[in-house]
Each structure stands twice: as C-alpha cells, then as structure tokens.
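Chains as they are written, first to last, in the working numbering: chain A, 15 to 128; chain B, 150 to 260.
Please keep in mind that the hints were generated in silico from the structure rather than gathered at the bench. One or more of the hints may lead you astray.
[Said to hold, decoys possible] A few chain A residues that don't get close to chain B, going by computed Cβ distances all over 12 Å:
(1) Q20
(2) H40
(3) Q51
(4) P56
(5) E70
(6) S76
(7) S79
(8) H93
(9) S100
(10) N113
[Claimed, not checked] Derived pair list, reagent style DSS-like, types lysine-lysine, alpha-carbon separation capped at 30 Å:
(11) A:K54 x A:K33
(12) B:K218 x B:K152
(13) A:K54 x B:K152
(14) B:K203 x B:K259
(15) B:K203 x B:K218
(16) A:K55 x B:K152
(17) B:K259 x A:K54
(18) B:K259 x A:K55
(19) B:K201 x B:K218
(20) B:K152 x B:K203
(21) B:K218 x A:K54
(22) A:K55 x A:K32
(23) B:K152 x A:K32
(24) A:K55 x A:K33
(25) B:K201 x B:K152
[To be verified] Label-pair restraints from in silico Cβ distances:
(26) A:K36 x B:F188: 33 to 43 Å
(27) B:S190 x A:P83: 22 to 32 Å
(28) A:E15 x B:R226: 22 to 32 Å
(29) B:P214 x A:H91: 37 to 47 Å
(30) A:S73 x B:Q165: 34 to 44 Å
(31) B:A215 x A:P83: 39 to 49 Å
(32) A:T94 x B:G164: 48 to 58 Å
Bear in mind the structure is a predicted one, so any value in this text is a computation, not a measurement. By construction, the Cβ of each residue, glycine as well, lies at the ideal position given by its N, Cα and C atoms.
Chain residues, written in single-letter form:
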Amino acid sequence: ETGVTQTPRHLVMGMTNKKSLKCEQHLGHNAMYWYKQSAKKPLELMFVYSLEERVENNSVPSRFSPECPNSSHLFLHLHTLQPEDSALYLCASSQDSANSYEQYFGPGTRLTVT
Amino acid sequence: LAKTTQPISMDSYEGQEVNITCSHNNIATNDYITWYQQFPSQGPRFIIQGYKTKVTNEVASLFIPADRKSSTLSLPRVSLSDTAVYYCLVVLFTGGFKTIFGAGTRLFVKA
C-alpha cells in the first residue's frame, strides 16, 4: 500500500467509448503524475500537475484529457482511443517539485481498447 | 536530462549480492541519481537516491564514484522476492518534474 489508489484496476473499452481513470493520493502531496507503460516499452511521462496546475504535457494526443480538481485527486478522461493506447496507466505523486525524484506510484489501471 | 544505460537483464541466486551498474555520462551538477523497483503488474517503488559517494538504507546501497558518470545499486543477499525490474533515473533535484524511465534491468533471482 503506497498511499496512492487507482480505479478501476482493469478497463476494457471500445474505440468510441468515453471513460475516466481516477487516482487519489492520501499522502498530502502537492504534485501528481500520469504515466503510460506499454508492453516492452519504458514508462512514458504523460502529464504532471503541481498544486492543481498542469506543468508538463509531453505531447500527449488530445484524446487523453487530464483533470486535477484538487491536490488529492487526478483524473484521466479518455475518448475515441485507439488499440495502440492499450497499456498500464500509472498515477504517481510526490511531495512537491523539489522531491520529484521520490514518487509514490499507484497500482495502475490496465486498459484494453478493442 | 542525462540519458541512462543499464544492462537489460541479470540472473542471480538466492543469498548472493547483486550489483547493477548504470551509466549516465551526461549527468549535470544539479542531477541526483535515483533507483526504482517494479514488480509485475505494479507501479514502480522508490528504493534509494544519492548525489555522490555512498548511500545505504534498509533495502540497498548506492555507490557513486567521484565523477558521477555511473552508479551501482547493490542488493545484499537477494531473495526470490527481489525478482523485479530495476530502473536507474537521473532527476533534477532543484525542481522540475521530468522523470525519464529507461528500459530498466530485469533481475531474475533463482533458488
């Protein structure tokens, strides 16, 4: 138990569906992250929020839309995804920017796009 | 950010000490070296972080030579449960959020 929870743990969706991934951290951290981990590829940083403001957006397609309503919650809204978007989506948090080297990861959401 | 290079995989036996070396030739003055561990179907877990010389905690030791162009993660007396992927990262300590994970080293511990 890392203090970071993600729901759902598994998700299967069609290419025309709209779904959302949820992340919640119970650590009092100020920064939250979304990563994508595809099979046999390194983790890719997607988005970073610091104090509820987006500070990083690593050229992620617009079909992925993040939302950070407060410092404890982070969402990833998904729409019109492609099969190649199937991956493990990981959420992480860190105390703040000065501690970004120490991130706490959730268990991930295994997404399958059919 | 400095690129890191580490072996793709390593095998070991229970009870042995395992050393995983990471190269980071372009490391900058304000960069710190960080290691993570990832088990299958789980998120990575922070193991240890250091700037220079040696750092030790309850899980591992991290050796960093004076030129800081490489680092070695040392796992004492590994067990089967240490089978995982180990990632070496170089992270800007003074701020910024870019963390780049490489392919990592897949460690397989045998009985």
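Consistency of the hints with the structure:
1. Q20: At about 8 Å from chain B, A:Q20 fails to clear the 12 Å cut-off, so the statement is violated.
2. H40: holds, 15 Å
3. Q51: violated, 9 Å
4. P56: violated, 5 Å
5. E70: violated, 5 Å
6. S76: At about 21 Å from chain B, A:S76 clears the 12 Å cut-off, so the statement holds.
7. S79: Non-interface label stands for A:S79: nearest chain B Cβ at 19 Å, farther than 12 Å.
8. H93: holds, 24 Å
9. S100: Correct as stated: the minimum Cβ-Cβ distance to chain B is 15 Å, above 12 Å.
10. N113: violated, 9 Å
11. A:K54 x A:K33: Roughly 25 Å separates the two Cα atoms, so the pair holds.
12. B:K218 x B:K152: holds, 11 Å
13. A:K54 x B:K152: The hint holds at about 18 Å.
14. B:K203 x B:K259: holds, 28 Å
15. B:K203 x B:K218: Holds, at about 14 Å.
16. A:K55 x B:K152: OK: A:K55 and B:K152 at ~16 Å, within 30 Å.
17. B:K259 x A:K54: holds, 22 Å
18. B:K259 x A:K55: holds, 25 Å
19. B:K201 x B:K218: Given pair B:K201, B:K218 holds - Cα atoms ~10 Å apart, limit 30 Å.
20. B:K152 x B:K203: holds, 21 Å
21. B:K218 x A:K54: Holds. B:K218 to A:K54 sits at ~26 Å (cutoff 30 Å).
22. A:K55 x A:K32: The given pair, whose Cα atoms are some 25 Å apart, holds under the 30 Å limit.
23. B:K152 x A:K32: violated, 36 Å
24. A:K55 x A:K33: Within the cut-off at roughly 24 Å; holds.
25. B:K201 x B:K152: holds, 18 Å
26. A:K36 x B:F188: 33 to 43 Å: violated, 23 Å
27. B:S190 x A:P83: 22 to 32 Å: Hint holds: Cβ distance 28 Å, inside 22 to 32 Å.
28. A:E15 x B:R226: 22 to 32 Å: holds, 25 Å
29. B:P214 x A:H91: 37 to 47 Å: Holds: the Cβ-Cβ distance is about 46 Å, inside 37 to 47 Å.
30. A:S73 x B:Q165: 34 to 44 Å: Roughly 42 Å apart at Cβ, these two residues keep to the hinted range, so it holds.
31. B:A215 x A:P83: 39 to 49 Å: Given about 47 Å between the Cβ atoms, the range holds.
32. A:T94 x B:G164: 48 to 58 Å: holds, 52 Å
Violation of the numbered hints given earlier is confined to hints 1, 3, 4, 5, 10, 23 and 26; the remaining hints are satisfied by the structure.
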